[in-house]
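**Student:** Each chain, letter by letter, is given below.
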Amino acid sequence: AQSVTQLGSHVSVSEGALVLLRCNYSSSVPPYLFWYVQYPNQGLQLLLKYTSAATLVKGINGFEAEFKKSETSFHLTKPSAHMSDAAEYFCAVSDSGNTPLVFGKGTRLSVIA
Amino acid sequence: SQTIHQWPATLVQPVGSPLSLECTVEGTSNPNLYWYRQAAGRGLQLLFYSVGIGQISSEVPQNLSASRPQDRQFILSSKKLLLSDSGFYLCAWSPFGANYNSPLHFGNGTRLTVT
Chain H
685 AQSVTQLGSH
695 VSVSEGALVL
705 LRCNYSSSVP
715 PYLFWYVQYP
725 NQGLQLLLKY
735 TSAATLVKGI
745 NGFEAEFKKS
755 ETSFHLTKPS
765 AHMSDAAEYF
775 CAVSDSGNTP
785 LVFGKGTRLS
795 VIA
Chain D
496 SQTIHQWPAT
506 LVQPVGSPLS
516 LECTVEGTSN
526 PNLYWYRQAA
536 GRGLQLLFYS
546 VGIGQISSEV
556 PQNLSASRPQ
566 DRQFILSSKK
576 LLLSDSGFYL
586 CAWSPFGANY
596 NSPLHFGNGT
606 RLTVT
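The listed protein sequences correspond, in order, to chains H and D.
For the first sequence, our numbering gives the first residue as 685, with consecutive numbering after it.
For the second sequence, our numbering gives the first residue as 496, with consecutive numbering after it.
It is possible that part of the hints are untrue.
[What the hints assert, rightly or not] Heads up, simulated DMTMM-like pairs for lysine to aspartate or glutamate below, C-alpha to C-alpha not over 20 Å straight-line:
{"id": "1", "chain 1": "H", "residue 1": "Lys-733", "chain 2": "H", "residue 2": "Glu-699"}
{"id": "2", "chain 1": "H", "residue 1": "Lys-789", "chain 2": "D", "residue 2": "Glu-517"}
{"id": "3", "chain 1": "H", "residue 1": "Lys-733", "chain 2": "H", "residue 2": "Glu-748"}
{"id": "4", "chain 1": "D", "residue 1": "Lys-574", "chain 2": "D", "residue 2": "Glu-521"}
{"id": "5", "chain 1": "H", "residue 1": "Lys-789", "chain 2": "D", "residue 2": "Glu-554"}
[As the list claims (entries may be wrong)] Which stretches of chain H does chain D cover? Using the computed rule of at least three CB atoms under 8 Å from a CB of chain D, they are:
{"id": "6", "segment": "694 to 704"}
{"id": "7", "segment": "786 to 794"}
Hints listed in this document are in silico derivations from the structure and should not be mistaken for laboratory results.
Note that this is a predicted model, so its numbers are computed, not measured.
Built from N, CA and C at the ideal position, the CB exists for glycine as well.
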């Protein structure tokens, strides 16, 4: 069965600094990987997804993630943090699309002025 | 365009009382529908999903149940709430026939507090 580990429940960065949110997955077959963002008291919105095409995936709001099979990782990055990026971020995995998504526990991103 | 509605937005209920949360989707037919629960520090837990009217799959045995009386309506219920049922409940949909590599579209959630 697939699983997701997000390292760090809370990450704090300065405005303009690099954002790095870590996600490692476990899957017995080639996975489908997703990053979602959740603003306070709202549902989740899709940031980006990986489905076995290019290993570097570009998403909305300047975010991107790189699939590294050797490291079983799918870390989310953004070169320069904005105050509006403050939110909770979830990584999710599905085994070849045949099982429902499994979400990580989330990482809360704070951006300091 | 497709939209998803959840209500109520917030709910405070006493232990032992019943629960009914409703979710409807507009602008699409035969969607796959999902109920997730988000508890502090525990991420999102899939509770139920449905690929059609009357077809419900349960992921976690508990005192909650789900029903799909109409194509675009998904209801989460309980006969007697427990304190542990407190959390943020999210409904989501994906297109008909989509497998699980299709993105989910989430509603704005219901925050349930059981007192």
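**Student:** Now tell me, hint by hint, if it's right for this structure.
**Tutor:** Status of the hints after comparison with the structure:
1. Simply put, H/Lys-733 and H/Glu-699 have alpha-carbon atoms about 25 Å apart, too far for the 20 Å limit, and the pair is violated.
2. The straight-line distance between the Cα atoms of H/Lys-789 and D/Glu-517 is roughly 25 Å, outside the 20 Å bound, and the hint therefore fails.
3. For the hint linking H/Lys-733 to H/Glu-748, the alpha-carbon distance of about 10 Å falls within 20 Å, and the restraint holds.
4. Annotation: proposed proximity of D/Lys-574 to D/Glu-521 is violated, straight-line Cα distance about 28 Å (limit 20 Å).
5. With a C-alpha separation of about 17 Å, the suggested pairing of H/Lys-789 with D/Glu-554 holds against the 20 Å cut-off.
6. Counting residues of the segment 694 to 704 of chain H whose CB lies closer than 8 Å to any CB of chain D gives 0, which falls below the minimum of 3, so the coverage claim is violated.
7. Check result for the segment 786 to 794 of chain H against chain D: holds, 5 residues qualifying (beta carbon to beta carbon below 8 Å, three or more required).
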